[in-house]
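**Q** Given the sequences, and given the hints that come with them, work out the whole structure.
2 protein chains.
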Amino acid sequence: MSFVDVIAKKRDGRALSREDIEGFVNGVTAAEIPEYQAAALLMAIVIRGMSDQETAWLTDAMLRSGDRVDLSDLPGVKVGKHSTGGVGDKVSIVLAPLAAACGVVVPKMSGRGLGHTGGTLDKLEAIPGYRTDLTIDEFKQVLRRVGASIVGPTSALAPADKRLYALRDVTATVASIPLIAASVMSKKLAEGGDGLVLDVKCGDGAFMKSEPEARELARTLVAIGTQAGLRTEALITTMDAPLGRAIGNAVEIVECLETLKGRGPDDLVALSTALAARMLVLAGRAGEAEADRVVQRALASGAALDKMRALIEAHGGDSRVVDDYGRLPQAARRCAIRAAHDGYIERLRAELVGRASMALGAGRRRMNDAIDRGAGVLVMKKPGEAVHAGETVLELLYNDARELAEASAFAHEAIHVSAAPPVLPPLIRGRVA
Amino acid sequence: MSFVDVIAKKRDGRALSREDIEGFVNGVTAAEIPEYQAAALLMAIVIRGMSDQETAWLTDAMLRSGDRVDLSDLPGVKVGKHSTGGVGDKVSIVLAPLAAACGVVVPKMSGRGLGHTGGTLDKLEAIPGYRTDLTIDEFKQVLRRVGASIVGPTSALAPADKRLYALRDVTATVASIPLIAASVMSKKLAEGGDGLVLDVKCGDGAFMKSEPEARELARTLVAIGTQAGLRTEALITTMDAPLGRAIGNAVEIVECLETLKGRGPDDLVALSTALAARMLVLAGRAGEAEADRVVQRALASGAALDKMRALIEAHGGDSRVVDDYGRLPQAARRCAIRAAHDGYIERLRAELVGRASMALGAGRRRMNDAIDRGAGVLVMKKPGEAVHAGETVLELLYNDARELAEASAFAHEAIHVSAAPPVLPPLIRGRVA
Numbered sequence: 002m003s004f005v006d007v008i009a010k011k012r013d014g015r016a017l018s019r020e021d022i023e024g025f026v027n028g029v030t031a032a033e034i035p036e037y038q039a040a041a042l043l044m045a046i047v048i049r050g051m052s053d054q055e056t057a058w059l060t061d062a063m064l065r066s067g068d069r070v071d072l073s074d075l076p077g078v079k080v081g082k083h084s085t086g087g088v089g090d091k092v093s094i095v096l097a098p099l100a101a102a103c104g105v106v107v108p109k110m111s112g113r114g115l116g117h118t119g120g121t122l123d124k125l126e127a128i129p130g131y132r133t134d135l136t137i138d139e140f141k142q143v144l145r146r147v148g149a150s151i152v153g154p155t156s157a158l159a160p161a162d163k164r165l166y167a168l169r170d171v172t173a174t175v176a177s178i179p180l181i182a183a184s185v186m187s188k189k190l191a192e193g194g195d196g197l198v199l200d201v202k203c204g205d206g207a208f209m210k211s212e213p214e215a216r217e218l219a220r221t222l223v224a225i226g227t228q229a230g231l232r233t234e235a236l237i238t239t240m241d242a243p244l245g246r247a248i249g250n251a252v253e254i255v256e257c258l259e260t261l262k263g264r265g266p267d268d269l270v271a272l273s274t275a276l277a278a279r280m281l282v283l284a285g286r287a288g289e290a291e292a293d294r295v296v297q298r299a300l301a302s303g304a305a306l307d308k309m310r311a312l313i314e315a316h317g318g319d320s321r322v323v324d325d326y327g328r329l330p331q332a333a334r335r336c337a338i339r340a341a342h343d344g345y346i347e348r349l350r351a352e353l354v355g356r357a358s359m360a361l362g363a364g365r366r367r368m369n370d371a372i373d374r375g376a377g378v379l380v381m382k383k384p385g386e387a388v389h390a391g392e393t394v395l396e397l398l399y400n401d402a403r404e405l406a407e408a409s410a411f412a413h414e415a416i417h418v419s420a421a422p423p424v425l426p427p428l429i430r431g432r433v434a
Numbered sequence: 002m003s004f005v006d007v008i009a010k011k012r013d014g015r016a017l018s019r020e021d022i023e024g025f026v027n028g029v030t031a032a033e034i035p036e037y038q039a040a041a042l043l044m045a046i047v048i049r050g051m052s053d054q055e056t057a058w059l060t061d062a063m064l065r066s067g068d069r070v071d072l073s074d075l076p077g078v079k080v081g082k083h084s085t086g087g088v089g090d091k092v093s094i095v096l097a098p099l100a101a102a103c104g105v106v107v108p109k110m111s112g113r114g115l116g117h118t119g120g121t122l123d124k125l126e127a128i129p130g131y132r133t134d135l136t137i138d139e140f141k142q143v144l145r146r147v148g149a150s151i152v153g154p155t156s157a158l159a160p161a162d163k164r165l166y167a168l169r170d171v172t173a174t175v176a177s178i179p180l181i182a183a184s185v186m187s188k189k190l191a192e193g194g195d196g197l198v199l200d201v202k203c204g205d206g207a208f209m210k211s212e213p214e215a216r217e218l219a220r221t222l223v224a225i226g227t228q229a230g231l232r233t234e235a236l237i238t239t240m241d242a243p244l245g246r247a248i249g250n251a252v253e254i255v256e257c258l259e260t261l262k263g264r265g266p267d268d269l270v271a272l273s274t275a276l277a278a279r280m281l282v283l284a285g286r287a288g289e290a291e292a293d294r295v296v297q298r299a300l301a302s303g304a305a306l307d308k309m310r311a312l313i314e315a316h317g318g319d320s321r322v323v324d325d326y327g328r329l330p331q332a333a334r335r336c337a338i339r340a341a342h343d344g345y346i347e348r349l350r351a352e353l354v355g356r357a358s359m360a361l362g363a364g365r366r367r368m369n370d371a372i373d374r375g376a377g378v379l380v381m382k383k384p385g386e387a388v389h390a391g392e393t394v395l396e397l398l399y400n401d402a403r404e405l406a407e408a409s410a411f412a413h414e415a416i417h418v419s420a421a422p423p424v425l426p427p428l429i430r431g432r433v434a
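If you read the sequences in order, they're chains A and B.
Counting the first sequence from 1 gives a position; my numbering is that position plus 1.
Counting the second sequence from 1 gives a position; my numbering is that position plus 1.
Among the hints, a few may not be true.
The list cannot tell twin chains apart, which means a pair is met if one copy fits it or any two copies do.
Stated by the list, open to error - With a cut-off of at most 20 Å between alpha-carbon atoms, the simulated EDC-like pairs for lysine to aspartate or glutamate come out as follows:
| no. | residue 1 | residue 2 |
| --- | --- | --- |
| 1 | 210 | 6 |
| 2 | 383 | 205 |
| 3 | 262 | 307 |
| 4 | 210 | 13 |
| 5 | 10 | 170 |
| 6 | 382 | 259 |
| 7 | 141 | 195 |
Everything labelled a hint here was simulated from the structure, so no lab data went into it.
**A** This is the structure we're talking about:
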């Protein structure tokens with residue numbers, strides 16, 4: 002069957018065979034299928050959809066397009082974590098040392114920020130000396146010694162995903178649950194863990210705007226993981242406003258350290274501990290009833306903070322930042338964004354806060370942009386909190402004022418003040434297993 | 002609005018604006034929009050469709066991507082003809098001199114054959130010396146002198162269509178009524194006539210397999226033409242079996258000459274005279290009631306044949322072929338395809354007969370293939386005719402036997418014999434105006 006016939010099949014709403022899908026993925030990886038043909042098939046997939054079976058075959062073909070990390074010689078149960086992405090989402094940096102302090106091995110491959118969302122690697126690199134580019138051998142050494150490691154993915158994992166994602170980004174074919182699920186799970190399966198906890202975000206600042214969409218994505222992700230032999234669970238969580246009170250890079254590291262010291266903002270603490278508890282259960286380190294207590298103890302005892310120190314050192318970073326935030330990149334200037342009138346913060350639109358942070362230099366528009374790790378946004382008033390006219394709601398931190406006006410406009414637009422206290426959705430909306 | 006947003010709009014089933022569509026067509030013409038983005042939008046259009054208004058804008062943008070022939074300084078009413086393509090469809094070659102003999106000016110730009118369908122230009126070039134590559138000035142001189150001219154399109158007409166068609170061909174995005182309609186009508190409008198008669202084929206051997214699809218295409222084509230100020234009509238005609246009894250190039254010229262001499266096969270005569278009559282009506286050369294009679298007279302009197310002679314000469318061709326078919330390319334060898342048992346020809350599948358002809362060398366697989374103008378297929382028994390076991394149904398004409406086995410297989414597969422006489426659909430199924 003020629004590739005044009007494969008495209009026509011999906012165009013007409015018919016299911017692709019395993020051979021069709023493997024031919025597609027292998028052809029894209031080897032650059033044997035022209036991009037215009039791949040783009041046509043991707044659009045047909047976005048509109049016509051894919052069955053769970055097709056999605057599983059796609060994931061498997063993408064997984065097998067590259068290497069697979071072998072962690073089987075490491076002792077312990079290895080449980081990964083993945084978030085579908087939000088603003089101020091620094092959970093991995095809290096979670097990895099926290100779960101490791103409870104005996105779970107946490108091999109974590111993270112990404113860089115793009116557009117309005119930040120990236121875990123960029124945040125960690127705000128710590129002087131922290132290396133995200135470990136080799137697989139170094140990664141495994143850190144896991145053996147510390148129990149957690151957060152690194153960048155090697156280019157040898159799921160190379161098909163890299164090519165497909167670059168093409169989807171410029172052809173309006175990102176918005177597809179099967180394509181998103183195959184992209185996420187091919188990488189996660191390549192990372193070689195035994196279990197995986199997913200944080201599927203839903204809301205204004207997330208890719209999935211509605212809860213039904215988020216549930217469908219979670220269901221698809223869990224189905225693929227489970228079918229591939231990975232113990233997989235997902236929490237559906239709200240992403241309307243930024244998570245925590247810091248958006249940027251160095252400021253998010255500070256917030257993570259504060260959280261590990263027991264002084265974190267409520268939402269970040271709640272989500273990090275909930276996800277960590279699920280990792281303990283998946284790893285068999287705690288039963289359903291006791292997992293949360295074990296996690297809370299690791300946080301309160303300082304064991305999680307100690308793990309964080311060890312994690313930073315093992316990655317070549319300066320662990321003195323844990324006690325001296327002045328060693329992190331700073332912003333020389335600040336600009337207060339104030340409430341126009343009395344009331345309650347009804348909404349603090351995550352995407353717009355993320356755009357403000359990007360405009361200040363903390364994020365990148367394009368993959369090769371440089372970023373300013375001292376810049377960012379602080380949230381002084383969270384949704385639900387009362388505010389008086391003239392009170393500061395957001396604080397913009399910056400070194401370069403060139404795009405301050407744009408950042409300020411985004412920040413003002415992000416704030417909605419209402420007369421009555423708003424009814425806010427719960428942070429954790431449900432679990433899919 | 003970025004082009005990715007335009008793609009997303011159509012992906013989500015929303016209507017494109019005139020600006021969106023112009024940006025697309027101009028970007029494709031100037032090669033400023035990458036092919037992968039154009040392919041993604043084309044697929045979204047194929048699946049989501051386009052309104053009549055969007056299709057009209059697309060046609061107009063494609064029309065304005067290039068030159069437009071100006072025939073306004075020629076006397077008389079200029080009426081073009083276009084067929085959506087079939088096997089053995091030689092109607093234009095009969096129709097042009099026939100309508101011209103009745104006083105209609107017939108400016109006809111035709112195409113080359115590809116795949117299982119032949120091309121009018123290839124057939125005419127079987128006549129020694131016949132030039133299809135006239136300049137616009139030469140084309141107009143022939144129209145002025147003879148009243149009809151059949152040439153190839155200049156590359157300056159609707160260049161956007163050329164680029165888009167090449168991309169659609171390799172991305173499974175050909176099958177779309179709006180895209181087909183815009184492609185046909187942008188070229189026809191660029192040709193500068195006053196009226197247009199369309200032959201929209203439907204059936205096994207046509208692009209539109211069902212009558213409702215063919216009617217929808219006809220309706221769309223007529224709507225675009227009418228809106229653009231072109232008097233446009235369409236006949237819906239059956240294309241299950243080849244038209245006439247000859248498929249190829251020189252053999253089709255012979256059949257056209259025989260038809261102009263009053264000895265043509267019933268179906269070819271009926272379709273050519275019906276379309277010619279509509280051209281007379283559109284041109285105001287005859288009323289509804291008398292048009293058919295005027296056409297029949299031009300055929301019976303030899304006036305149409307005289308026009309054919311003049312047409313050939315005006316194009317530099319050897320008009321002695323009209324009386325001496327031996328001056329046309331010949332096939333040195335013949336192979337009879339016989340009926341396996343007694344009965345009636347129930348079906349003679351046009352597409353398979355076309356493939357047989359292509360395999361014999363009369364057509365091309367790819368645009369740059371050379372063709373053998375002497376090769377082809379003769380139909381000895383048409384659908385509905387009785388046949389005895391061992392009687393010849395098709396005769397394969399060839400010079401090169403390399404693909405004879407393949408041609409023979411297609412030919413055998415094309416023939417369906419039934420015990421009872423089949424019920425055949427009418428040749429002309431309706432008219433859309």
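**Q** At most 20 Å between C-alpha atoms: does residue 210 with residue 6 qualify within a copy, between copies, both, or neither?
**A** between (34 Å within a copy, 18 Å between copies)
**Q** Is it within a copy, between copies, both, or neither that the alpha carbon of residue 10 lies no farther than 20 Å from that of residue 170?
**A** Classified as between: cross-chain Cα gap 15 Å, same-chain 23 Å, threshold 20 Å.
**Q** Go through the copies and call it for residue 382 and residue 259: within, between, both or neither, with a Cα cutoff of 20 Å.
**A** This pair counts as within: shortest intra-copy Cα distance 18 Å, inter-copy 90 Å.
**Q** Which holds for residue 262 with residue 307 at a C-alpha limit of 20 Å: within a copy, between copies, both or neither?
**A** Classified as within: same-chain Cα gap 10 Å, cross-chain 101 Å, threshold 20 Å.
**Q** Indicate which option fits the pair residue 383, residue 205 if close means a Cα-Cα distance not exceeding 20 Å: within, between, both or neither.
**A** within (15 Å within a copy, 66 Å between copies)
**Q** At most 20 Å between C-alpha atoms: does residue 141 with residue 195 qualify within a copy, between copies, both, or neither?
**A** So residue 141 and residue 195 pass the 20 Å test inside one copy only (15 Å; across, 77 Å).
**Q** At 20 Å max between alpha carbons, let me know whether residue 210 reaches residue 13 within a copy, between copies, both or neither.
**A** between (28 Å within a copy, 15 Å between copies)
The earlier numbered hints are all upheld by this structure, with none contradicted.
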